[in-house]
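Engineer: Spelled out from the first residue to the last, the chains are:
2 protein chains.
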Amino acid sequence: MTTLTEATYHSLIAGEAVPGTDGTLRAIDPARGTETGPEFTTLAESQADAAAQAAAEAFGTYRKLPDADRAAFLTTIAENINAAGDDIIATAMTETGLPQQRLTGELARTVNQLKMFAKLVASGDHHSVRVEPALPDRKPLPRPDLRQRKLPLGPVLVFGASNFPLAFSTAGGDTASALAAGCPVIFKAHLAHPGTGLLVARAVTEAVTAHNLPAGVFSFVYGRGTTVGQALVKHPAVKAVGFTGSRSGGTAIMATAAARPEPIPVYAEMSSINPVVVLGSAISGDSTALAEGFITSLNGSAGQLCTAPGLIFVPAGEAGDTFLSQVKTALSQAAGVTMLTPGICSSRVEGEKKLASVPGVTEVGRGTEGQTQNAPAPAVFSTDVETFLTREELSEEIFGATCLAVRYSSTEELKKLAVGIEGQLTATLHLDTEDSTDVALATELVELLELKAGRVLVNGWPTGVDVGDAIVHGGPFPATSDGRSTSVGTAAIDRFQRLVAYQNLPAALHPAPVREDNPWNVPQRTDFLSQLS
Amino acid sequence: MTTLTEATYHSLIAGEAVPGTDGTLRAIDPARGTETGPEFTTLAESQADAAAQAAAEAFGTYRKLPDADRAAFLTTIAENINAAGDDIIATAMTETGLPQQRLTGELARTVNQLKMFAKLVASGDHHSVRVEPALPDRKPLPRPDLRQRKLPLGPVLVFGASNFPLAFSTAGGDTASALAAGCPVIFKAHLAHPGTGLLVARAVTEAVTAHNLPAGVFSFVYGRGTTVGQALVKHPAVKAVGFTGSRSGGTAIMATAAARPEPIPVYAEMSSINPVVVLGSAISGDSTALAEGFITSLNGSAGQLCTAPGLIFVPAGEAGDTFLSQVKTALSQAAGVTMLTPGICSSRVEGEKKLASVPGVTEVGRGTEGQTQNAPAPAVFSTDVETFLTREELSEEIFGATCLAVRYSSTEELKKLAVGIEGQLTATLHLDTEDSTDVALATELVELLELKAGRVLVNGWPTGVDVGDAIVHGGPFPATSDGRSTSVGTAAIDRFQRLVAYQNLPAALHPAPVREDNPWNVPQRTDFLSQLS
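As they're listed, the protein sequences go chains A and B. Residue 482 in this note's numbering sits at position 482 of the first sequence, and the numbers go up by one each step. If you count the second sequence from 1, you need to add 533 to reach this note's numbering.
The set of hints was computed from the structure by calculation and includes no laboratory data. Check the hints yourself; a few may be wrong.
[Claimed, not checked] Using 27 angstroms as the maximum straight-line C-alpha spacing, the simulated DSSO-like pairs for lysine-lysine come out as follows: (1) A:K416 - B:K861; (2) A:K64 - A:K115; (3) B:K886 - B:K861; (4) B:K861 - A:K234.
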């Protein structure tokens, strides 16, 4: 670790290093299975309160920041992260086992997300302003002047993800969209990459200082999820939660948030096995490339992507057999990749054992183990439709490069599968788009799958999420806790806002975004209904 | 009751009259305190399943209806209600005690809401389509074709309100916005106006038939909230709930929905005391008109409006004393109005007794009792800031024409009140907008109150909600279960939709709203980010 040269580091609460009193931790280099880097003190439950208080105090100022200033702040965070990029990537490589190329791409994505939100905020689009001017002569009653906008919810608690130490962590999508909305962020560090997180947290903190913002706009805390994390979910100053992680972790947060005296929204991205449907026409010719593409998508980042294909529906019969034998060949050339932590690796190995032990499940093929510690071989199993639909454990996510192929014998069985699956982040179809029979079937399948998934793809692989204005990274429960929303892309900002209307306020009392002279040059939708036929 | 001439009526499940096996009920004429009209059979818990099943079956067809067809269906509902207007109003007058003029206005609002959603749906605006066409040459990675839209959630369960037998009931705002979104509706009838509900349910059912829609698009069920209501909240086919009623009823539904294997969104509008802040400048001259306006707003519909002013902050000192003496005078000329049910009336009377018994609370004045049964006198009480902030029961809603005046001695106390209140539907300021000191204070107060309320008003009264594009009828908990949204106005449709994206679909597989040739002429936001600086 190049820039973390002290022996001990601490949480950063409102810009101040606060030694935790609940012991210390160190990162583990998963490739070696050994501790690495300095030690980090973890907060006791009672110490978390200060971060929530500071965020609540900062909210009053931060939420009123002009759009241009908030955009500039987000841009500075992006620039600070870029400037520290080499150190961040080097530290992340050691702490997560992820290769340099992947982390370089992830850092660029993290920076670009922040810049995207800066552009969005500068445009004022996120205020969603609607104006209906007074109509004093309307009958039977005059219409008052009404102006609607979206306001930030308040301090947001964000839990970092293990598998994206940058793009879904300290200054990742949840943090960026919450800050963009005008919400201070309390970031609960993921303890598997404590040094990486701290370097990014410093980049954010320096931006807070550079823009003379209240220090409570951002805090970064080390602490156990079950104590510090839960205490912050319960804290009255916290008004929303963003989380990326396991189903058990996410549902525990949902339960705590729902049981608060004032329940708050939870945006937890949890569990998805991302079904891929292979139609007959996709494998009627040579399916070697399809098989290779599948294994590349499955084994990328050791399968530790929210959108990794954990489930594939393959026709029964000869063409399907051939496809799976090509999958077996592709697997035989694939080596295991270092997983993020020894714990994640052992869960993956245990999950696979459990899967393999279900009667009716057989192994299609498996790759080789990787050269490092914690690098189990990628593997594909198969089963039939009835086994899949009757054994609930086969729908559980195994986080890693393990996939289950379900062999279907008819379009009826395939539709039953599409109806039977739980909520997903993605659903993918492979077909020959010149085959009219399969196009007709795919039309029906898209209609079933769009009810189950946040993103529907054709002839691609679900891994790799394009960050922009039209992306959805979300989906019905249990993929997320709130299938109405997305955690990636511009629409993610909506999660941290609420509607408010102003009635008959004199001009002097209007907040800037709804003012008639529109000083921030915000898009205002005026008298929309009168323009409709 | 003019059109309900049979002895017994039943629930309407997917267009069929289904006799309930859990006994019968009759309406009570609250003005006389006697039973009235025919009997209605109530469903047993096990009978509710059929409505949910029918809604689930109808969803597949109904959600795909072209915008123009769904708009025509909503328009037919509006026309059917209008055609049956005289019968509906006559029945509602008997069942609710509300006067003809109020119900005539409410019927017009109900009809206009449906027509507004028809216009909105015909415009295609609600799909919120965003398109990012493929950029095959983008570096470092090509951009896929991505198209985002909003989809209906699925069958919605709506609980009718006691206080708006038309506009927040059978074909009221929740039903209209859910149907507009493409969601079938199961309507749990309010048992205080069973005949009114049935007449409106027939108007909806006839529109379903006239447009050849699957019958399960709409069901209307009589049953107990604790059995039939709860069973439907738990039903796996139900994907969202709309509710208007008490805090205890709303939070019970929230708890059930959160505990489901698949948690679902609940939009409950529950409890609000709608603080009104009187600044010094508002009463520095003659405050007679202000006092009269206040009592008119308080006593309208017997105070049984979600936005009735239940709390008013009045300056301590002489001007405030004078204002309250004018309030007392206005009250002395105000007579009690028939309340909706004997139960609501007795809760109001008990709540007022409890309020009056709190040490530090005194009576300002009271009107006269009405001429009918269940028409208690409107009343205003007063207390000081410390008593208000330390006695939690003083923040509880008393549904009816009872208001508590809190006397404040300084701007600091006033701000403490604004910070100390719970979430509200509305917050109102009264001031002389030419008084620069009060305008400065009001600027600070708007910033505090917009965090607590869904709608902020100046120099008006919160009762009376204008239905349009810029209204917000919502607010932080406990005003609603989901302060992000509104239950009135065009934005209400968003509650029943979720995001989905399509990646690299061939044109033949695109759903109509996202198609490049745009057959429904839907607004499509294309390549938004590239247009920003």
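Engineer: If a hint holds in the structure, say so; if it doesn't, say that too.
Structural biologist: Hints and how they fare:
1. Our distance criterion of 27 angstroms between C-alpha atoms is broken by A:K416 and B:K861, whose separation comes to about 69 angstroms.
2. For the given pair, A:K64 sits about 20 angstroms from A:K115 by alpha-carbon distance, which is consistent with the 27 angstroms threshold.
3. Distance restraint check for B:K886 and B:K861: the Cα-Cα separation of roughly 19 angstroms lies within the 27 angstroms cut-off, and the hinted pair is therefore satisfied.
4. Between the alpha carbons of B:K861 and A:K234 the distance comes to roughly 44 angstroms, so the proposed pair goes past 27 angstroms and is violated.
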